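Number of protein chains: 2
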Amino acid sequence: MPRLEFWYEFASNYAFLSAMRIESLAAARGVEIVWRPFLLGPIFRAQGWTTSPFNLFPAKGRHMRRDMARIAAARGLPLVWPEVFPAETLTAARLALIGESAGWVAPFSKAVYAAEFQEGRDVSRREVLTEILEGLGLDAPALMAEAASDPVRAALRARTEAAIAHDIFGAPSFVTPDGELFWGDDRLEQALDWCVAAPP
Amino acid sequence: MPRLEFWYEFASNYAFLSAMRIESLAAARGVEIVWRPFLLGPIFRAQGWTTSPFNLFPAKGRHMRRDMARIAAARGLPLVWPEVFPAETLTAARLALIGESAGWVAPFSKAVYAAEFQEGRDVSRREVLTEILEGLGLDAPALMAEAASDPVRAALRARTEAAIAHDIFGAPSFVTPDGELFWGDDRLEQALDWCVAAPP
Numbered sequence: 001m002p003r004l005e006f007w008y009e010f011a012s013n014y015a016f017l018s019a020m021r022i023e024s025l026a027a028a029r030g031v032e033i034v035w036r037p038f039l040l041g042p043i044f045r046a047q048g049w050t051t052s053p054f055n056l057f058p059a060k061g062r063h064m065r066r067d068m069a070r071i072a073a074a075r076g077l078p079l080v081w082p083e084v085f086p087a088e089t090l091t092a093a094r095l096a097l098i099g100e101s102a103g104w105v106a107p108f109s110k111a112v113y114a115a116e117f118q119e120g121r122d123v124s125r126r127e128v129l130t131e132i133l134e135g136l137g138l139d140a141p142a143l144m145a146e147a148a149s150d151p152v153r154a155a156l157r158a159r160t161e162a163a164i165a166h167d168i169f170g171a172p173s174f175v176t177p178d179g180e181l182f183w184g185d186d187r188l189e190q191a192l193d194w195c196v197a198a199p200p
Numbered sequence: 201m202p203r204l205e206f207w208y209e210f211a212s213n214y215a216f217l218s219a220m221r222i223e224s225l226a227a228a229r230g231v232e233i234v235w236r237p238f239l240l241g242p243i244f245r246a247q248g249w250t251t252s253p254f255n256l257f258p259a260k261g262r263h264m265r266r267d268m269a270r271i272a273a274a275r276g277l278p279l280v281w282p283e284v285f286p287a288e289t290l291t292a293a294r295l296a297l298i299g300e301s302a303g304w305v306a307p308f309s310k311a312v313y314a315a316e317f318q319e320g321r322d323v324s325r326r327e328v329l330t331e332i333l334e335g336l337g338l339d340a341p342a343l344m345a346e347a348a349s350d351p352v353r354a355a356l357r358a359r360t361e362a363a364i365a366h367d368i369f370g371a372p373s374f375v376t377p378d379g380e381l382f383w384g385d386d387r388l389e390q391a392l393d394w395c396v397a398a399p400p
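Top to bottom, those sequences are chains D and P. Note that our numbering gives residue 86 to position 86 of the first sequence, counting from 1, and the numbers run on in steps of one. Note that our numbering gives residue 222 to position 22 of the second sequence, counting from 1, and the numbers run on in steps of one.
These aren't lab readings, by the way, just hints derived from the structure by calculation. Any given hint might turn out to be false.
What the hints assert, rightly or not - Just a few of them, taken from the derived set where beta-carbon distance is under 10 Å, the chain D residues facing chain P:
#1 K60
#2 A154
#3 I168
To be verified - Restricting the straight-line Cα-Cα distance to at most 25 Å, the calculated cross-link-like pairs of lysine to any residue (SDA-like) are:
#4 P:K260 x D:Q190
#5 D:K60 x P:F257
#6 D:K60 x P:D267
#7 P:K310 x P:P278
#8 D:K60 x P:I364
#9 P:K310 x P:R229
#10 D:K60 x P:D378
Stated by the list, open to error - If you only want the chain P side, here are some residues facing chain D, beta carbon under 8 Å, derived:
#11 K260
#12 H263
#13 R265
#14 D367
The structure displayed is predicted, hence computed values, not measured ones. Beta carbons are placed, not taken as given, at the ideal position from N, Cα and C, and that holds for glycine.
Let's have the full structure, built from the sequences with the hints guiding it.
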């Protein structure tokens, strides 16, 4: 089965759009999704951006908000803008990395995005993440402690370095088995189709 | 008939994609296209950018080149990357403004884009623009002189001010009769559908 890597940052609203539809689109094409959480902050900072481009460039930010509202309405997707944007996503990303090994990265990631963009909550907050973990039947205190451990911190740094090595500069990004990079929720179908068409 | 404003900058490769398909898509939906050439340079400079973001952010530029190649191939569209990118488009934009009043803005604009992105030519060059005008059966020397006149210069400055007033920050952009702004070739179908669905 062809595999598509889904590279996402929890603060990215367009990655939220992809997270909520990638599994059904992939299943329809017989593609396996590999969830790859990473941090955009270090990549943005390396090019001189201290926050989201949607905050740095206000007209771009205003268009994005309308674009999101139009797309969410067209897809029948609830959308509640988060109280803090962009969210600080360090702990959420570390937890997602643990979930990758443990097998719950997809439901955890979708629950984080739902809390952030469908309930408007601040997913940097410890109690929000605890509630999400408990909602999945997981041992929240143990996982929060593990998320702060040196191996998990190092793994997230390595993941973000891997994103840079793939030439990733934004989220969502999709990487095919033959190394083709697609950026943006509006390129998700193209990326999946590329996976299916490319030789194994 | 609903009208959609197509705001474009000749240096924009994604606006090239839209220019080559907007008329057939609009005709299929019964939408009239209003061609609105403007300059992105002053808008980019106001936010501190001295050239195209695809040059300022190299990873973004590398992705754009692949994205363009994939989309052009899927659409059966010839694509030859221009020798100079982004092109200096001041004279081309002034000529297009004259063409708006005179009724040849659409064929002229498509011919400029074809020379730039399908033949790889530098459309800042006087001889390239002259050849395009002559190819349309127009009086090139007279039009080149008119393009340098004060009224045309003032009209292009006013047009770019109007783009800013519409909150336009990139190209292509589409503005519907009820003031909705859509950015990007990948939003063209949405913009046209919005025009058709919106009350007159």
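Verification of the supplied hints:
A cut of 10 Å between beta carbons decides the hint on K60 of chain D: the least distance to chain P is about 5 Å, and the hint holds. Because the smallest distance between the Cβ of A154 of chain D and any Cβ of chain P comes to about 24 Å, over 10 Å, the interface hint for this residue is violated. Of the supplied interface hints, the one on I168 of chain D holds, with its beta-carbon coming within about 7 Å of a beta-carbon of chain P, less than 10 Å. Simply put, K260 of chain P and Q190 of chain D have alpha-carbon atoms about 18 Å apart, close enough for the 25 Å limit, and the pair holds.
Using a Cα cut-off of 25 Å, the hinted pair K60 of chain D and F257 of chain P holds, with the two alpha carbons roughly 17 Å apart. Under the criterion of a C-alpha separation no larger than 25 Å, the hint pairing K60 of chain D with D267 of chain P is consistent with the structure, at around 21 Å. Only pairs whose Cα atoms come within 25 Å are accepted, and K310 of chain P paired with P278 of chain P is accepted, the gap being roughly 13 Å. Note on K60 of chain D and I364 of chain P: the hinted pairing holds, with a Cα-Cα distance of about 12 Å set against a maximum of 25 Å.
A threshold of 25 Å between alpha carbons decides the hint, and for K310 of chain P with R229 of chain P the separation of about 21 Å falls inside it, so the pair holds. For the hint pairing K60 of chain D with D378 of chain P, the CA-to-CA distance comes to about 19 Å; that is within 25 Å, so the pair holds. Of the supplied interface hints, the one on K260 of chain P holds, with its beta-carbon coming within about 5 Å of a beta-carbon of chain D, less than 8 Å. Of the supplied interface hints, the one on H263 of chain P holds, with its beta-carbon coming within about 5 Å of a beta-carbon of chain D, less than 8 Å.
Because the closest C-beta pair between R265 of chain P and chain D is about 11 Å apart, greater than 8 Å, the hint is violated. Restraint check, D367 of chain P versus chain D: the minimum CB separation of about 5 Å is within 8 Å; hint holds.
Checked against the numbered hints listed earlier, the structure breaks hints 2 and 13; every other hint is satisfied.
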